[in-house]
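Enquirer: Sequence:
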Amino acid sequence: MKDLTVHEFLAAVAAPTPTPGGGSVSALAGALSAALSRMVSGLARGKVGYEAVESELAQIET
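Residues in the sequence shown are numbered consecutively from 290, following the working numbering.
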């Protein structure tokens, strides 16, 4: 799975086969969510207005 392009993965999910299925799609959605959380945390750290949550932002990035 890790070597598939996004297009190939979507085609595989849409195919009438048992795998990849909900587990793979859920895992990808979770990984994308975590990656976006880290991105937003990195963008907010050190910026004015986010001082009160600096420690929480640092935890997200570890």
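In short, the hints are calculated from the structure, not lab data. For each residue, glycine too, the CB sits at the ideal point set by N, CA and C. Some clues are possibly wrong.
[Stated by the list, open to error] Simulated restraints, written as ranges between beta carbons of each label pair: (1) Val295 to Gly338: 46 to 54 Å; (2) Val295 to Arg327: 15 to 23 Å; (3) Val329 to Val295: 19 to 27 Å; (4) Gly335 to Thr294: 17 to 25 Å; (5) Val295 to Ser326: 19 to 27 Å; (6) Asp292 to Gly338: 38 to 46 Å; (7) Asp292 to Gly319: 17 to 25 Å.
Enquirer: Take the C-beta atom of Val329 and the C-beta atom of Val295, compute their distance, and say whether it sits inside 19 to 27 Å.
Expert: 21 Å, holds
Enquirer: Tell me if the beta carbons of Asp292 and Gly319 are separated by a distance inside 17 to 25 Å.
Expert: 20 Å, holds
Enquirer: Given a hint of 17 to 25 Å, does the C-beta separation of Gly335 and Thr294 actually sit inside it?
Expert: Since the Cβ atoms of Gly335 and Thr294 sit about 35 Å apart, the hinted range of 17 to 25 Å is violated.
Enquirer: Using the Cβ atoms, figure out if Asp292 sits within 38 to 46 Å of Gly338.
Expert: 41 Å, holds
Enquirer: Does the hinted range 19 to 27 Å hold for Val295 and Ser326 at CB?
Expert: At 20 Å between Cβs, range holds.
Enquirer: Given a hinted range of 15 to 23 Å, is it respected by the beta-carbon distance of Val295 and Arg327?
Expert: This hint holds: roughly 20 Å between Cβ atoms.
Enquirer: Can you tell me whether the CB distance of Val295 to Gly338 sits inside 46 to 54 Å?
Expert: Since the Cβ atoms of Val295 and Gly338 sit about 34 Å apart, the hinted range of 46 to 54 Å is violated.
In the structure shown, a violation is registered for the earlier hints numbered 1, 4, in ascending order.
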